[in-house]
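J.: For reference, the chains in residue letters:
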Amino acid sequence: MNSNALADQAHQLAGNANDLAHRLDTLSSIAAPAAAAAEPFIYLLTIFLLACFVGYYVVWNVTPALHSPLMAVTNGISSVIIVGAMLATGLSHGFLPHLFGFLAVTLASVNIFGGFLVTQRMLSMFKSKR
Amino acid sequence: MNSNALADQAHQLAGNANDLAHRLDTLSSIAAPAAAAAEPFIYLLTIFLLACFVGYYVVWNVTPALHSPLMAVTNGISSVIIVGAMLATGLSHGFLPHLFGFLAVTLASVNIFGGFLVTQRMLSMFKSKR
Amino acid sequence: MSSNLTSLLYLIAAVLFILALRGLSSPVTSRRGNQYGMIGMAIAVAATLGRHGMLAEGYIWIVAGILVGGAAGAYVARSIAMTALPQLVAAFHSLVGLAAVFVAAGALNAPAAFNIGLPHHIHTQSLIEMSVGLAIGAITFSGSLIAFAKLQALMKGTPILFRFQHQLNLVLGLVILALIVVFVAQGGPQTVFWVIAVLAMALGFLLIIPIGGADMPVVVSMLNSYSGWAACGIGFTIQNLALIITGALVGASGAILSYVMCKGMNRSIFNVLLGGFGTDSGGVSGAAAGGDRTVKSGNAEDAAFIMKNASKVIIVPGYGMAVAQAQHAVREMADHLKAEGVDVRYAIHPVAGRMPGHMNVLLAEANVPYDDVFELEQINNEFSTADVAYVIGANDVTNPAAKTDTGSAIYGMPILDVEKARTVLFIKRSMASGYAGVDNELFFRPNTMMLFGDAKKMTEEVVQSLDH
Amino acid sequence: MSSNLTSLLYLIAAVLFILALRGLSSPVTSRRGNQYGMIGMAIAVAATLGRHGMLAEGYIWIVAGILVGGAAGAYVARSIAMTALPQLVAAFHSLVGLAAVFVAAGALNAPAAFNIGLPHHIHTQSLIEMSVGLAIGAITFSGSLIAFAKLQALMKGTPILFRFQHQLNLVLGLVILALIVVFVAQGGPQTVFWVIAVLAMALGFLLIIPIGGADMPVVVSMLNSYSGWAACGIGFTIQNLALIITGALVGASGAILSYVMCKGMNRSIFNVLLGGFGTDSGGVSGAAAGGDRTVKSGNAEDAAFIMKNASKVIIVPGYGMAVAQAQHAVREMADHLKAEGVDVRYAIHPVAGRMPGHMNVLLAEANVPYDDVFELEQINNEFSTADVAYVIGANDVTNPAAKTDTGSAIYGMPILDVEKARTVLFIKRSMASGYAGVDNELFFRPNTMMLFGDAKKMTEEVVQSLDH
Ligand SMILES: NC(=O)c1ccc[n+]([C@@H]2O[C@H](COP(=O)([O-])OP(=O)(O)OC[C@H]3O[C@@H](n4cnc5c(N)ncnc54)[C@H](OP(=O)(O)O)[C@@H]3O)[C@@H](O)[C@H]2O)c1
Ligand SMILES: NC(=O)c1ccc[n+]([C@@H]2O[C@H](COP(=O)([O-])OP(=O)(O)OC[C@H]3O[C@@H](n4cnc5c(N)ncnc54)[C@H](OP(=O)(O)O)[C@@H]3O)[C@@H](O)[C@H]2O)c1
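Residue numbers (this note's numbering), protein chains in the order written: chain A, 1 to 130; chain B, 1 to 130; chain C, 1 to 468; chain D, 1 to 468.
Calculated from the structure, these hints are not laboratory results.
Please read these numbers as outputs of a predicted model, since none were measured by experiment.
Be aware that a few hints might be false.
Interface residues of chain B toward chain C, partial, derived using beta-carbon atoms under 7 angstroms [unchecked claim]:
| # | residue |
| --- | --- |
| 1 | GLU39 |
| 2 | ILE42 |
| 3 | THR46 |
The list that follows gives simulated cross-link-like pairs (lysine-lysine, DSBU-like), each with its CA atoms no further than 35 angstroms apart [stated by the list, open to error]:
| # | chain 1 | residue 1 | chain 2 | residue 2 |
| --- | --- | --- | --- | --- |
| 4 | C | LYS457 | A | LYS127 |
| 5 | A | LYS129 | C | LYS338 |
| 6 | A | LYS129 | C | LYS263 |
| 7 | A | LYS127 | C | LYS338 |
| 8 | D | LYS338 | A | LYS129 |
| 9 | D | LYS338 | C | LYS338 |
| 10 | D | LYS263 | B | LYS127 |
| 11 | A | LYS129 | C | LYS156 |
| 12 | D | LYS156 | C | LYS338 |
| 13 | C | LYS312 | A | LYS129 |
| 14 | D | LYS403 | A | LYS129 |
| 15 | B | LYS129 | C | LYS338 |
| 16 | D | LYS156 | B | LYS129 |
Coverage of chain D stretches by chain B, computed from C-beta distances (three or more under 8 angstroms per stretch; other residues unrestricted) [as the list claims (entries may be wrong)]:
| # | stretch |
| --- | --- |
| 17 | 16-28 |
| 18 | 366-376 |
Ideal Cβ placement from N, Cα and C applies to all residues, glycine included.
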């Protein structure tokens with residue numbers, strides 16, 4: 001290897017290093033605010049606690065006459081777990097995740113359609129005098 | 001510059017680059033989950049919306065007899081803005097942030113003590129028959 | 001779709017779910033509320049479908065699942081009889097529980113899809129959340145299955161009791177806990193995962209068999225609550241807003257309904273869960289008790305005569321009306337009476353029937369306008385001004401022993417003061433006691449007239465007599 | 001302290017604040033609630049003090065601020081008269097508003113402290129949030145100051161109106177918006193910041209001066225709501241959980257109280273905010289109106305005689321009781337009547353007095369047990385069974401014109417049906433109308449007896465007559 005080639009290589013490497021350093025900077029600046037702020041877990045915990053309060057109030061405000069539809073509609077909405085099932089299916093390769101995902105999607109779908117439609121059927125029966 | 005020195009330098013640079021690449025990896029793995037998950041703003045927005053629901057329900061459940069203490073106690077708790085004032089004061093150098101921070105801390109403190117104590121005074125007057 | 005937009009859509013879905021439950025605060029807004037729920041679900045599904053990185057091969061499975069499941073769900077929802085509602089809800093819960101198990105299994109096998117690490121190198125926190133979701137999901141699955149079987153009478157309602165039952169459950173629970181620790185410590189081995197799943201299902205099974213068939217509504221509600229918390233667990237694992245918020249809503253809903261029912265029965269949730277109480281076959285001690293006391297019994301014509309001449313009649317439906325499917329006959333009777341100028345109202349006890357709001361749904365099915373239907377607190381002091389209380393298939397919810405007999409199983413439970421009406425008509429088949437197995441002293445009161453017979457047949461006869 | 005622990009503490013503080021408001025759902029739990037609030041605040045302050053990276057020089061300023069401000073706040077809270085509450089709340093709001101302005105200024109000068117960028121290179125999103133917090137804070141500050149001045153009578157209560165007033169406000173608002181855009185686009189220049197602050201203060205000032213003194217309670221509540229949203233804005237800027245949650249709570253509280261008041265007066269919030277209605281000097285048209293109709297007037301002895309022989313007396317307090325500070329005399333009178341075996345209750349209209357819950361606080365101050373005090377819906381149909389309605393310094397809230405006279409300013413507002421009592425005693429100084437300036441036809445009814453005089457003096461005389 002002659003010195004010219006070496007110098008070339010060194011130059012290139014230096015360039016690479018520079019480039020890397022640059023990307024490192026960019027990445028740091030992206031990562032920094034997220035790191036300094038609270039971790040997602042704290043946010044999720046906060047969301048969870050507030051949702052518990054909301055659930056408490058919202059359910060206590062349901063009129064007792066509609067407690068049966070309430071049971072049915074919560075069936076429907078709790079099937080939002082389908083989101084997890086879809087991700088397992090759609091974002092992965094391989095048979096097992098696909099199988100589990102498919103089963104979960106199917107079960108949740110039964111619930112979604114079943115829950116909301118039964119609720120609709122029940123509610124459509126409630127009529128006022130006028 | 002002889003070729004030996006050049007080779008040395010190239011070697012060193014290569015090492016640097018390698019090092020940088022390594023740190024880049026580490027950083028990526030830290031940043032990745034945060035980037036993949038929602039941004040803090042979405043979390044904060046969620047928290048805000050849920051808090052609005054909670055506020056709505058919690059305030060509607062306040063008995064009208066205690067609406068005056070409610071006004072006073074919200075005075076107290078809204079002064080949690082003191083947190084911002086303290087950060088401006090405690091995490092910075094220089095006269096201006098200190099001054100603004102100090103003023104804000106003082107004003108908020110008036111409210112905190114004033115708000116909670118007035119509420120306490122009012123509430124201590126509410127007595128049952130027994 | 002950027003991940004921010006996806007999250008925003010999940011947030012919108014969650015808010016729509018809140019509005020869905022909020023709509024149920026009144027019958028007027030309830031249909032709109034249910035629509036919000038459907039829209040929210042559609043948004044959540046669409047957001048997930050449109051998510052960055054979804055693979056074509058996955059889509060096929062997803063669409064297939066939605067089509068198969070959706071068709072099944074829609075079919076069941078359309079064809080089910082309203083009286084089978086309690087078991088339907090139980091069956092649905094068991095599906096949610098099983099779905100949670102499969103989602104956890106999916107996450108274990110494809111952690112990268114959820115950003116929780118690589119296979120065999122899943123983040124510790126995610127493993128904890130995942131196993132909590134798994135265990136609760138599995139318990140919900142098998143527990144709801146038993147509840148379904150008991151309600152559907154596929155299995156006898158009598159409590160199944162054996163020695164050291166609670167101790168066994170405790171040991172099983174501790175074993176599951178220990179396995180979770182192992183699971184998390186070893187970075188998520190497959191075998192341990194499935195052992196946990198199986199043991200948790202066994203636990204769910206064992207927890208529910210000692211509980212009597214008639215207590216199943218409380219159990220169903222409690223499992224509803226569990227399924228919510230399972231969804232939360234999965235939500236934390238996959239950092240999904242919609243799941244966490246919805247899980248908390250559902251968890252709260254189930255817990256509150258269980259509480260309402262226990263309060264209405266004046267029993268503690270522990271009393272219910274420790275089991276051994278109540279069977280769906282109703283009272284055992286009943287019939288013989290009042291041997292030497294006289295009971296005034298009448299027939300449909302007597303009842304029709306009394307009611308025709310009344311100015312205010314309050315109808316008190318109970319579980320027997322549901323059994324006999326008498327709601328349409330009752331509505332018809334009320335229409336006849338109203339045509340005669342009688343003021344007719346319905347009084348609903350919070351735990352009348354076998355599930356919260358049971359009577360309301362049946363009456364609504366029979367086209368009774370909901371403004372004629374009143375809750376206990378709204379109507380209870382109107383019995384003193386009523387000429388007739390028409391008690392149809394209700395028993396415990398009218399039993400004054402709840403007020404006076406400190407030793408009674410229902411002592412302390414609020415009751416409908418039907419005895420204050422000028423005449424009380426009791427429509428039931430026998431002198432048997434109700435769900436709680438407590439004798440009802442009202443049957444022997446001088447202002448009570450028993451109308452022995454099936455609720456539907458008897459009411460139809462009353463309608464005929466009114467026609468004359 | 002790790003930043004996670006700090007966040008967790010903020011979360012705990014926020015939950016305690018929720019519990020604080022929740023406690024106010026009943027007088028029994030309210031004191032505990034207030035304590036939760038104090039503990040929450042202590043936790044939030046402690047978490048901030050213990051935060052990683054706080055500098056010693058900063059501590060001095062902080063501690064000094066807390067000592068000075070805390071002493072001032074505690075002094076004011078202890079020494080203020082209960083009747084001065086409305087203006088106290090207004091003054092406190094103006095402080096929160098100003099504090100928000102200063103926090104925004106601090107963030108602008110020390111962005112690194114909040115992780116929102118470097119001076120002159122602050123993140124765009126943070127600049128937007130900051131300027132929203134700034135503008136709302138400044139409006140809250142000056143607006144509340146005017147409300148305070150009007151309530152404290154440092155300034156005349158009469159609406160200050162001039163031509164193109166609303167147009168001017170609109171233009172000012174648009175200018176502020178434009179400046180915010182400039183501020184954000186230029187990365188946060190100091191001058192623009194302060195120009196926004198000054199203009200927003202001017203806007204707050206201009207928005208409130210056209211509103212009559214008596215409408216100030218609605219304004220105060222609305223500004224309370226604003227101060228909450230300002231806190232939210234700052235909370236988003238500095239990504240602080242406690243601030244966002246608390247801000248939303250306060251925002252909701254203020255908005256709901258404004259709504260309750262407007263509803264109670266049957267006016268829209270726009271009607272209030274567009275101004276020109278009501279002065280705190282009360283009605284103008286009143287006195288002469290009923291010129292040729294006869295009014296039965298009596299004295300304290302007549303009143304004492306009537307009430308002594310009554311079996312049920314309902315006391316209806318209004319703004320006049322607050323003005324006269326008559327609550328102690330009223331309690332004494334009630335004690336005397338109770339000793340005579342009379343059933344005495346208090347009926348509170350939702351907008352009696354000049355701020356929500358005004359009468360309740362005054363009665364509580366005079367040791368009236370809260371179980372004797374009833375809301376409008378609870379007691380309104382008891383007037384028909386009452387012998388005497390003792391209306392002390394109340395006027396609009398009893399005016400039947402609200403039911404009958406579609407042209408009246410108070411048409412549609414729910415009222416206390418005092419006219420259904422056998423005898424109505426009206427304690428007021430003259431025939432003048434109340435806050436809404438509407439004549440009260442009740443004064444001329446045959447079953448009404450006017451007791452002209454100061455509420456306190458008159459009631460004391462009644463007590464003396466009862467003594468004999
Ligand atoms: N609603 C809930 O959520 C819930 C949940 C759990 C438990 N429970 C419990 O369920 C009970 C509900 O009280 P309840 O008064 O509605 O019911 P109940 O006390 O169980 O009495 C029902 C009565 O209906 C009669 N009956 C049954 N089939 C009939 C038919 N075909 N025609 C006419 N009468 C018939 C039975 O008497 P005969 O056999 O003589 O006909 C029985 O006494 C309470 O004890 C409550 O605690 C309710
Ligand atoms: N509570 C709230 O939150 C709120 C907020 C905004 C507006 N408002 C409005 O305030 C009004 C409240 O109704 P209200 O019935 O309580 O009061 P009001 O209608 O304003 O009447 C008060 C009466 O008290 C009399 N009075 C004043 N000083 C007195 C004294 N020293 N001794 C005896 N009487 C005295 C006055 O008559 P004389 O001059 O003849 O003595 C006056 O007619 C409503 O119109 C409501 O819309 C209330």
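J.: Now tell me if each hint is right for this structure.
T.: Results of checking the hints against the structure:
Of the supplied interface hints, the one on GLU39/B holds, with its beta-carbon coming within about 6 angstroms of a beta-carbon of chain C, less than 7 angstroms. Evaluation of the ILE42/B hint against chain C yields a held restraint, the C-beta minimum of about 4 angstroms falling below 7 angstroms. Evaluation of the THR46/B hint against chain C yields a held restraint, the C-beta minimum of about 5 angstroms falling below 7 angstroms. Among the hinted pairs, LYS457/C with LYS127/A is consistent with the structure: their alpha-carbon atoms are about 26 angstroms apart, no more than 35 angstroms.
For the hint pairing LYS129/A with LYS338/C, the CA-to-CA distance comes to about 13 angstroms; that is within 35 angstroms, so the pair holds. As the CA atoms of LYS129/A and LYS263/C are separated by approximately 31 angstroms, the hinted pair is consistent with the 35 angstroms bound. Between the alpha carbons of LYS127/A and LYS338/C the distance comes to roughly 18 angstroms, so the proposed pair stays at or under 35 angstroms and holds. Note on LYS338/D and LYS129/A: the hinted pairing is violated, with a Cα-Cα distance of about 46 angstroms set against a maximum of 35 angstroms.
Proximity of LYS338/D to LYS338/C is assessed by CA-CA distance (about 46 angstroms); at most 35 angstroms being required, the pair is judged violated. Of the pairs offered as hints, the one joining LYS263/D and LYS127/B holds, with about 29 angstroms between alpha carbons and a cut-off of 35 angstroms not exceeded. Among the hinted pairs, LYS129/A with LYS156/C is inconsistent with the structure: their alpha-carbon atoms are about 41 angstroms apart, more than 35 angstroms. For the hint pairing LYS156/D with LYS338/C, the CA-to-CA distance comes to about 63 angstroms; that exceeds 35 angstroms, so the pair is violated.
At most 35 angstroms may separate the alpha-carbon atoms for a hinted pair to count; LYS312/C and LYS129/A meet this at roughly 18 angstroms. For the suggested pair LYS403/D and LYS129/A, the alpha carbons sit about 27 angstroms apart, so the restraint of at most 35 angstroms is met. Annotation: proposed proximity of LYS129/B to LYS338/C is violated, straight-line Cα distance about 46 angstroms (limit 35 angstroms). Between LYS156/D and LYS129/B, the direct Cα distance comes to roughly 41 angstroms. Violation of the 35 angstroms bound is thereby established for this hinted pair.
With a threshold of 8 angstroms between beta carbons, the proposed coverage of the stretch 16-28 of chain D by chain B holds, since 10 of its residues qualify and at least three are required. Evaluation of the coverage hint for the stretch 366-376 of chain D: fulfilled, as 7 residues show C-beta separations to chain B shorter than 8 angstroms, against a requirement of three.
Hint check: violations occur at hints 8, 9, 11, 12, 15, 16; the rest are consistent with the structure.
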